[in-house]
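Undergrad: Since the structure of chain Y is already known, use the hints to place chain G on it.
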Amino acid sequence: MATLTDNVNVNEAAIAAISDRYDEPAWLRAEREAALRSYAAMPFPTEKTEEWRYTQLKRFDIAGLELAKAPKDESISERIRMRIADSDAEGVMVHKGNQVVLKQAQIKEQGVVFTDLRTAVREHEELVREHLYSVVNATQTKYTALNSALWENGTFVYVPKDVEVELPLGAFTTADSGGIGLGRTLIVVDVNARLTFLDEYTSEPFDERLFFDAATEIVLKDGAKLRYVSLQNWSRNVAHMNKLRAHLGRDARLESVTVSLGGDAARAEVESRLEGPGSESEMLGLYFADEGQHFNQFTLQHHATERGFSDVLFKGAVRDASSATYSGMIVVDPGAQKTDAYQTNRNLLLDQESEVVSIPQLEIAANDVKCSHGSTTGPVPEDQRFYLMSRGLKPEVAEHVLVTGFLHEVMSRVTLPKVAEYVERVVQAKLGVPGVKEKL
Amino acid sequence: MSDKTLEIRNLHARIVDGEAILKGVDLVVPRGEVHALMGPNGSGKSTLAKVIAGDPQYEITEGDILLEGQSILEMEPDERAREGLYLAFQYPVEVPGVSIANFLRLALNARREEGDEIGVMEFYQKLQRAVKELNWDESIIERNLHEGFSGGEKKRSEILQLLVLEPRYAILDETDSGLDVDALKVVSQGVNAARGPEFGALVITHYQRLLNYIVPDKVHVMVDGRVVRTGPKELAMELDQKGYEWIREAVGA
Chain Y
17 MATLTDNVNV
27 NEAAIAAISD
37 RYDEPAWLRA
47 EREAALRSYA
57 AMPFPTEKTE
67 EWRYTQLKRF
77 DIAGLELAKA
87 PKDESISERI
97 RMRIADSDAE
107 GVMVHKGNQV
117 VLKQAQIKEQ
127 GVVFTDLRTA
137 VREHEELVRE
147 HLYSVVNATQ
157 TKYTALNSAL
167 WENGTFVYVP
177 KDVEVELPLG
187 AFTTADSGGI
197 GLGRTLIVVD
207 VNARLTFLDE
217 YTSEPFDERL
227 FFDAATEIVL
237 KDGAKLRYVS
247 LQNWSRNVAH
257 MNKLRAHLGR
267 DARLESVTVS
277 LGGDAARAEV
287 ESRLEGPGSE
297 SEMLGLYFAD
307 EGQHFNQFTL
317 QHHATERGFS
327 DVLFKGAVRD
337 ASSATYSGMI
347 VVDPGAQKTD
357 AYQTNRNLLL
367 DQESEVVSIP
377 QLEIAANDVK
387 CSHGSTTGPV
397 PEDQRFYLMS
407 RGLKPEVAEH
417 VLVTGFLHEV
427 MSRVTLPKVA
437 EYVERVVQAK
447 LGVPGVKEKL
Chain G
-13 MSDKTLEIRN
-3 LHARIVDGEA
7 ILKGVDLVVP
17 RGEVHALMGP
27 NGSGKSTLAK
37 VIAGDPQYEI
47 TEGDILLEGQ
57 SILEMEPDER
67 AREGLYLAFQ
77 YPVEVPGVSI
87 ANFLRLALNA
97 RREEGDEIGV
107 MEFYQKLQRA
117 VKELNWDESI
127 IERNLHEGFS
137 GGEKKRSEIL
147 QLLVLEPRYA
157 ILDETDSGLD
167 VDALKVVSQG
177 VNAARGPEFG
187 ALVITHYQRL
197 LNYIVPDKVH
207 VMVDGRVVRT
217 GPKELAMELD
227 QKGYEWIREA
237 VGA
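Those protein sequences? They're chains Y and G, same order as listed. FYI, in the numbering used here the residues of the first sequence are 17 to 456. FYI, in the numbering used here the residues of the second sequence are -13 to 239.
These aren't lab readings, by the way, just hints derived from the structure by calculation. Beta carbons: idealized from backbone N, C-alpha and C, even for Gly. A few of these clues could be false.
[Unchecked claim] One-sided excerpt, in silico: chain G residues whose CB lies under 7 Å from chain Y: (1) A39; (2) P63; (3) G83.
[Unchecked claim] Within a straight-line C-alpha distance of at most 30 Å, the following computed BS3-like cross-link-like pairs (lysine-lysine) qualify: (4) K124/Y - K434/Y; (5) K410/Y - K140/G; (6) K112/G - K(-10)/G; (7) K410/Y - K(-10)/G; (8) K228/G - K171/G; (9) K410/Y - K112/G; (10) K410/Y - K118/G.
[Claimed, not checked] Output of the computed footprint for chain Y on chain G, the stretches with three or more beta carbons under 8 Å from beta carbons of chain Y: (11) 73 to 79; (12) 91 to 103.
Extracted from the complex, chain Y is given alone in its bound form (with noise of 0.2 Å):
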């Protein structure tokens, strides 16, 4: 069993330094400073708690890595530049390293703010400060404490009331050095706001390896609407823990879509806490482990409160020694009657030597409500790939037929065409599906 140890660089010290070379408002710094005793007081996870007992926590390791500097090189890569450009974006950011490399935005909505998150602690500390740390903070996990304590700069969006912004806005998350990496996202949607927001996490491969803990903090006001996406795409020398949780209030409505395709080792954490009546959340999640690739997805359905509807859908593939895992909680409260809420894990086991876990709960305490949950993990159907055959397709063509297919229902539910169609890209390319180019 694997035993993680601290980190050397995780201190007041750290803390004093970003601090200081930011010039940071003291709240900030207290904030700061209540999460490094919180990440103290935390035990590192262990293979016995059950929250983590089928995740490989060895390749999360972060003992002796050092915090993230500077890139060696602020330039944007080929890759990134084409996403930019087709994502058909109204505004998008590029972080490398801790730097942003690249801000632009042209938006033609009135009162949006799209900017780094140590720019809006400048030029918009009321906004930051009511919200930054009320959805994902360091009394999660030992990495939400991590990353609270320790984040150099990120995300930050504020869609006004009323307000509906038209094209997506964008972040795109990349490296080309080795240590902690730290990102924040902060997305606050206002009263009967809309918006789309993709965060995006892609790198060139580069020798050392890279640890990086991504924080999503959602917070959709009564009658908010975000379509969000996480792509998850690094490069095989990066290891990627995300917690991603929406705050939701009355009648307000998440769409969300997360994907695990690069890195060794992912632990994507979705959670939604319905906290107004009548709010939906559609938590979506694609997966495809290959190489001996390493996925956690855990999600989380909260329902506080009244005819709140969640439909959670994840589905996934492994193969070459692969391991995936899937644990999936909802929890609705004593008060949170004529509650929908679903849930839906799907793998496909591509070869013997690779692994799946799916473990599907629910935690129940009000009576009128609707719930189900379910769960399959097997290979890929024999009489679907005769049938292919039988058509004259070759072996590993029908697996690419199967594998792609039972994966688009995912991506089929994605409103956006463009990032629907990046992935099932990325998908072929790791398939190997000749002619298609992406595979890190």
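TA: Frame of chain Y; chain G shown alone:
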């Protein structure tokens, strides 16, 4: 017989590690002819169809299948298809997330050399012709393969694929089952469109009804894992009138 025939020679087969189902089938379908294969339920007709296509659920214990003189027993299902064999399934499977158009393009390209993929125009013309032949709406090609299809639509899809892939030999496994008269006419029209000197077919059916629309050159009757009688198309009528018991008694099976 070797040239331009599909020949089944003393074929014995069973479900892997199960009971024998085919017990010495002999049958020859020349290219350019359409033969009917009839027989009571459980006589082994569908098993024969799947065994010819290479279904891994079955194993062959004796005999041979010769495609234009060449044994195909060692060939995988995809190789058999590329050699010009086609099975229209009795129960076509649903394959989610794959459109009919994409699937057929892959199937056609599987028959061509790498770098010689079919052109977009040529492909769509081929597809449109086939869709039209079956009085179908063109939007069908963008639908996922059999996802949410009715039984009749699935059967029609099997014939659509046949028209696009242009096999040398097709086996139609109870393509008429579950079809109403109108659908039966459309499907038959499709099969008849494929008929010609370069196309041979074995049409498996339980009822004579289909053979009013697809008129066979010969009729074979299968009972208990063997072809017990072969005759002209009138044999089908006779069977329809007298029933399969008549044949059982006639051959002493």
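Undergrad: Now, for every hint given, state plainly whether the structure supports it.
TA: Okay, the hints, checked on the actual structure:
Taking 7 Å as the C-beta contact cut-off toward chain Y, the hint placing A39/G at the interface holds, the least distance being around 5 Å. The interface hint given for P63/G holds, since its Cβ lies 4 Å from the closest Cβ of chain Y, which is under the 7 Å cut-off. Against a cut-off of 7 Å between C-beta atoms, the interface hint on G83/G holds, since the closest Cβ of chain Y lies about 3 Å away. Simply put, K124/Y and K434/Y have alpha-carbon atoms about 22 Å apart, close enough for the 30 Å limit, and the pair holds.
For the hint linking K410/Y to K140/G, the alpha-carbon distance of about 23 Å falls within 30 Å, and the restraint holds. A threshold of 30 Å between alpha carbons decides the hint, and for K112/G with K(-10)/G the separation of about 25 Å falls inside it, so the pair holds. This hinted pair checks out: K410/Y and K(-10)/G have alpha carbons roughly 25 Å apart, not beyond 30 Å. Distance check on the hinted pair: K228/G and K171/G sit about 25 Å apart at the alpha-carbon level, within 30 Å; holds.
Restraint check for K410/Y and K112/G: the C-alpha separation of about 22 Å stays at or below 30 Å, so the hint holds. Annotation: proposed proximity of K410/Y to K118/G holds, straight-line Cα distance about 29 Å (limit 30 Å). With 4 residues bearing a CB less than 8 Å from a CB of chain Y, the segment 73 to 79 of chain G meets the requirement of three and the coverage assertion stands. Using a Cβ-Cβ cut-off of 8 Å, 5 residues of the segment 91 to 103 of chain G lie near chain Y, which meets the minimum of three, so the contact claim holds.
In terms of the numbered hints stated before, the structure departs from none.
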